[in-house]
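Student: Listed below are the residues making up each chain.
2 protein chains.
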Amino acid sequence: MTQRFTLSLDAMGGDRAPAVVVAGIGLALQRYPAVRYLLYGDEAQLVPLLEAVPAVAAVCTLRHTAESVGNTDKPSHMLRQGRRTSMWLAIQAAKEGEASGVVSAGNTGALMAMAKVMLRTLPGISRPAIATVLPSQRGEVVMLDLGANSDCDAQNLSEFAVMGDVFARTVLGIANPSIGLLNIGAEDMKGNDAVRTASALLKASPLALRFHGFVEGDDIGAGTVDVVVTDGFTGNVALKTAEGTAQLYASFLGAAFGGSLLARLGYLLARPALTKVRKRIDPRRYNGAMLLGLNGICVKSHGSTDEVGFANAIGVAADLVIHGFNDRIKREFSELKISGVMSAVVAGH
Amino acid sequence: MTQRFTLSLDAMGGDRAPAVVVAGIGLALQRYPAVRYLLYGDEAQLVPLLEAVPAVAAVCTLRHTAESVGNTDKPSHMLRQGRRTSMWLAIQAAKEGEASGVVSAGNTGALMAMAKVMLRTLPGISRPAIATVLPSQRGEVVMLDLGANSDCDAQNLSEFAVMGDVFARTVLGIANPSIGLLNIGAEDMKGNDAVRTASALLKASPLALRFHGFVEGDDIGAGTVDVVVTDGFTGNVALKTAEGTAQLYASFLGAAFGGSLLARLGYLLARPALTKVRKRIDPRRYNGAMLLGLNGICVKSHGSTDEVGFANAIGVAADLVIHGFNDRIKREFSELKISGVMSAVVAGH
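One line per chain: the protein sequences are A and B, in this order.
Residue 224 in the working numbering sits at position 224 of the first sequence, with consecutive numbering throughout.
Residue 38 in the working numbering sits at position 38 of the second sequence, with consecutive numbering throughout.
Incorrect hints may have been included.
Each pair may be met inside one copy or between any two copies, as identical chains are not told apart.
What the hints assert, rightly or not - Simulated pairs of lysine-lysine, DSBU-like, Cα-Cα distance not exceeding 30 Å: (1) K95 x K330; (2) K203 x K95; (3) K74 x K203; (4) K95 x K190; (5) K74 x K190; (6) K95 x K74; (7) K279 x K74.
Bear in mind the hints are in silico, worked out from the structure with no lab data behind them.
Bound conformation, chain A alone (with noise of 0.2 Å):
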């Protein structure tokens, strides 16, 4: 962990911006203390809150702009007008090679329309998507895309198997990962064109090996394989109803703990093991979505996240640096593409 480099990060973009950035540094220093970060944002609120933590004032360049992306703000329309956001950048510093990477918790839309624009996906990526690790009963999966492309078809879903693929081996450091496609059913003829095709398409293809097969949405928490591959669509919607199930698990517990004199002594007792549990599925433990396929390395932290989460996205963009993600990915498309899968992809479509 003694790498040096540089992160930029949006420090207006998210809910309780920029507190929660200058605070969520302060936490990522203790695990990553040779990363440096360029800060773009208002400096009437960035100066104060960096002269309270000098430590993390320390590792940081201050960049002041005005501008910032709101929440509502069509991407589109920051493409055209959005060029001294503080969002578009950090995104211009990673571009530029002053930063290693860049991350933001601001408009998941424009974050992924102007790191298109300026970054451009990798040779060989017809469409970047969206990343995350999640826990399992197994360890950990990493499922995409969670939302960058609504319509995805079976050329897409193949390149998000090879960068699953790489990014389990790399980062997650699973020597042989499993990739399953995401369906309705475990035959080959349940499902849609899409999965099918994509299917066929993968068990041609030298990830055949690694390839699973199709799986369903309760693999995902059964750890059934490392890598789940799926449309934006289904993605986002599977990842979003993941964190609602385990809200209600946690509200009917609480509930059941608050019904009787036994029960709140039992809590008390159980209190450790509920807090481990707790942990374990804390949403801001895996908070920090990458951006893959793109030529350069962007992490998006949830909006409502706090300085807890934000650490964490800080700490994806960081091992995504240290274990040189996309020079790997770039490799392995270039192989795939001298072996011929690639091009059988696109053939095959």
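Starting from the known structure of chain A, arrange chain B on it as the hints suggest.
Tutor: Using the frame of chain A, we list chain B on its own:
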């Protein structure tokens, strides 16, 4: 609950048939003492089971058939070759009015195909949908479609909204149910063509006042709306993701409570509360998916459920009969037709 009617049961459908079917009737007897059953299946297996429980035998009429649909049988093949199976004959009894509804825990694809051919869709409905009731923080939510239709257009989704609305009003007894369309964001521009067009159609329909707009995956567990409308691909993935997340949460709880002596002591005191929660989210409690939009009542039980789950599936069918669901939906659709809504839906597409 003194209404007297008959349900036909596919006694050979499901992993643990016919024992679970007979035991399920035994449990359902308590809640629905006036219901009678036509049991289709192998008499060599069924006669001893019925002889062992005279109370169940007293409400059942056994109709022998040696054939049944297997889990891997193709629906199209069963439509041609399966006319002597317990599933086919049970649906036929509902079609011919011998039974007021049919329940099967067998092959979903075959059940849907046979039910469509025999019962046919209700006037005004182009495609039936699979619906179920789920627990939420604010009570219960009905969600559809859960897998009958992988690809849905705006018209399909609008029809599902009408069916879900009628179900919530008649069976769940909610006077003014709110309806949400599952999407990946709340803004108008989010999602794919089908959901955007369906939203516009619903806003221009008599359902407009009850149409909440777009909802996201976490709104299911939150109970933001009473009816969640989606295509069968997304709905199936969302349902199974919710099940998988609940299992993940339960397994994390189990691990945490097994951690130390103190945690195990805590578990003993917390057990009544935990059991309460487990019951509240018990998938058996919500077993019984309804095939809505057909000219008859047809309920699909989970194939791996036990007698508690199967009894609930019987209860779902019984409730649909008792509340006259199909008559209500027929009336509502003809009223909508008269008021020009469904033709607007058709024209709008």
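Student: Hint by hint, say whether it matches the structure.
Tutor: Verification of the hints:
1. In this homomeric assembly, K95 and K330 come within 30 Å of each other (Cα to Cα) only inside a single copy, at 16 Å, whereas the closest approach across copies is 60 Å.
2. For a Cα distance limit of 30 Å, the shortest separation of K203 from K95 qualifies neither inside one copy, at 36 Å, nor across copies, at 43 Å.
3. In this assembly of identical chains, K74 and K203 lie within 30 Å of each other by CA distance solely across copies; the values are 23 Å between and 40 Å within a copy.
4. Taking CA atoms no more than 30 Å apart as the test, K95 paired with K190 passes between copies only; the shortest distance there is 28 Å, against 42 Å inside one copy.
5. Taking CA atoms no more than 30 Å apart as the test, K74 paired with K190 passes between copies only; the shortest distance there is 11 Å, against 37 Å inside one copy.
6. With identical chains, the CA atoms of K95 and K74 are at most 30 Å apart within one copy only, with a shortest distance of 22 Å there and 53 Å across copies.
7. Taking the shortest alpha-carbon separations for K279 and K74, neither the intra-copy value of 35 Å nor the inter-copy value of 45 Å comes in at or below 30 Å.
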